[in-house]
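Participant: Line by line, the protein sequences are chains A and B.
Using the numbering used here, read the first sequence as starting at 1 and increasing by one per residue.
Using the numbering used here, read the second sequence as starting at 1 and increasing by one per residue.
Straight-line alpha carbon distances no greater than 20 Å define the calculated SDA-like cross-link-like pairs of lysine to any residue that follow:
#1 K271(A) x S47(B)
#2 K271(A) x G147(A)
#3 K271(A) x M49(B)
#4 K271(A) x T55(B)
#5 K271(A) x M48(B)
#6 K253(A) x Y200(A)
#7 K368(B) x T385(B)
#8 K271(A) x N44(B)
#9 K123(A) x L142(A)
#10 K387(B) x G374(B)
#11 K271(A) x H37(B)
#12 K123(A) x N44(B)
#13 K271(A) x A282(A)
#14 K271(A) x Q43(B)
#15 K163(A) x P67(A)
#16 K387(B) x T302(B)
#17 K271(A) x P59(B)
#18 K312(B) x T234(B)
#19 K271(A) x A46(B)
#20 K215(A) x G205(A)
#21 K332(A) x S280(A)
#22 K235(A) x P314(A)
#23 K123(A) x L352(A)
#24 K271(A) x S53(B)
#25 K271(A) x A191(B)
#26 K271(A) x A60(B)
#27 K271(A) x N45(B)
#28 K123(A) x T100(A)
#29 K271(A) x D54(B)
#30 K253(A) x F201(A)
#31 K123(A) x Q43(B)
Hint data in this document are derived by calculation from the structure and do not stem from the laboratory.
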Amino acid sequence: MKMNMFLRGPVGPDHLRFVGLIALLLLLTSTTTWARVGGPCVNCHTMHNSQDGATVVVSSSGSAPLPALINTDCVGCHSSDSETIVDLGDGTRIPIVYTTNAPNLTQGTSTSMLAGGNFHWVKTDDTKGHNVFGIAEVDGNLPEAPGGSTSCSPCHDTLSTAKSGCQGCHLAAHHADDSAAVVTVNQGSYRFLGDVMMTYFATNGGYPDEISSQKFNGVSGIEDPDWEQSVSSTKHNVYGGTVDLYAAAITLKYATIGQMCAGCHGNFHHKMNSVQSDLSGAWIRHPSDVLIPAGDTEYAAYTKYDPLAPAAKPVSSLADGMQNSELVEPGKDIVTCISCHRPHGSPYSDMLRWDYETCDAGTANDECGCFVCHTAKDD
Amino acid sequence: MNGGRVKLIVSLAVSALVLFSAGNALAKASGACVNCHTMHNSQNNASMMIDGSDTGAAPALVRAGSCYGCHGDQDIANGDWTNTTTAPGKTPRVNAMTYGDYGVSGDTLAGGSFYWVDTNLGATDAKGHNVKGVANVDSAAFGATPPGWNATFSANGQINGGAATWTTDNQLTCAGTNGCHGDHTAEDDFAAVRGGHHGGAGDGTTDGLTVATSYRFLKGILGYEDEDWEYQPTVSEHNQYHGEARSADTAANTATISYLCAECHGNFHSGTEDGMGADGETWGAPWLRHPTDLDMNDLADTSEYASYNTDKSYSVVAPVASDDNGAPKSAVLVADGDAIVTCVSCHRAHGSPFDDLLRWSYNEDGHKMIAAGGAGNVGCFVCHTTKD
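Same shape as in the complex, but just chain A (with noise of 0.2 Å):
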């Protein structure tokens, strides 16, 4: 196992006790048990950013000291070769959401892709993920995020700035208690999915007049203890949907990890029927945080949790249990972003879950994830 603290820099044994649970970078996975750090300090911070003449920081922008004294940056700490969970042990263990190898494509190995997805395929194919400060440069394709509906730069228009990056989504919250089942706001944000703009208001002026009265939230849901290295359809992350129709906002008042993504892919969501203001015209753009249908029809075949395209369950109907259930209920739960993507990377155009190149209707195809729901495309 090695671990790349910092891509830009050196990477030896030496710096691996550097590695800090530091934040950010979500993962989109994490275990109730284990999101909250663990371990030694020493792991992850540096008080001085001093040791033996030294510096200790090395990171994507140097080695200048770190905000909360830690030792590298989030794409430091989240990087390895190839292992996915990197255990330094005394208990710290380390969601990797950057591997230098491509990752296993099979869940249950030491260096099977974790749910979020991985950097590993962004880093020279644009098209792959998300291009994050510190792995992949502004994307050559897009020079804003696609489906954006707010015209606020940089940040909703790429994060590969430093300004963006993993904290363009993440809201580091790594000692938060998360012990309880379901991960909300309070206890840090499901992967640390939090109102970022909270951070960008604190440091620009404090709150506009007109949100000063809005709660900040975070999403919530439920953390896989190994953050779906391995995986199944009793053993698995849980999402928070909403069947509540938003329209574009500056809080995460639906907590859900839908809202989350319409952040800079507004319109995805925002405009996705053609009579959006109760949904009962046509689909223009594929739904999201919305009912999967029941009834007669072929989305009520879907009944059993496949983690090839995740269903989520209601933000407020969220409960311990959840995760080691196989029921998916149509009618009641929903369908969200991540049903068919993988927010950091994949081997996949657009990030997808599954090769959508490869999905024919009228041909049997069980690594199609959109057959998951559309039970009848395939037959």
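Since the structure of chain A is already known, use the hints to place chain B on it.
Facilitator: What follows is chain B alone, placed relative to chain A:
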């Protein structure tokens, strides 16, 4: 055959926009999802619309802003139409450009082609149905109201709300309230054919109960669909249209392909001793209009019709319908109900190179149907075997 009468018939088939064609295996859409759908209409900072439409994301997440965008713009799977019959995910094309004398040797499919009525191509109104998005509203000479319009032919849904007269605001659409395909209670094309492309039994059978299980998404209509939509059909590979062996001018069977046409052109099809429909006072000659849903088995064995297509083989030039649509028939006049004259015996619903969207030239220079001209059993003379 009387020229005036033939002129009247001409309009009969007009209705069905459809495709009047399809394939057993292909009636249910197959192939790569990406050929037809885009999840967010966004890829590499560009639109995914295959037809170049700038109207934004389209209903059902399809990659075109209209039916014609997929079926008449370009082959969404291949970019062109050079391999219409072999490409995976192939799409039946409704704007083919080669026809031949009878539409069976070029690339025109069974329903015909809008190519010859497409306003953008400088075509003329007489060659096809003026469908919205393809052609302008039919000129004043033809009027907005369909010839033979009779609002009572509504068994499969009411066209245009049953309005007494049509205005230019009611231009024909591919599907829906003012269209031929899909559910007539839906106003727009996409909603009207909802569930059609991915539905159906998948074995070519139709029951007319839903859009998906109706012949060519013509809700309520039955028929057998050829697997390549009659691309260069043969005596054994062709559509099998559904017809009714009528003994009266009223239409008892509302699932025939002729009834589909009658939904807009009803007076060309049926009447009750009122000067409408095909007959006068009795079912039979003298006809007021060219009969449809007439079984030639009911005519005298000694008549010229008993020599349909000379040897009673199925003619892909002037096809006949049957009351049994389990499979294509290679021979007709074998059993009752297998040789039914129908609107599409003479017309191609989308359009053709010929006036009145006929399957062959009837009265145009160089291609006239001439009695006693020795033309052989082609066109009108496939049935009227002694008239040539």
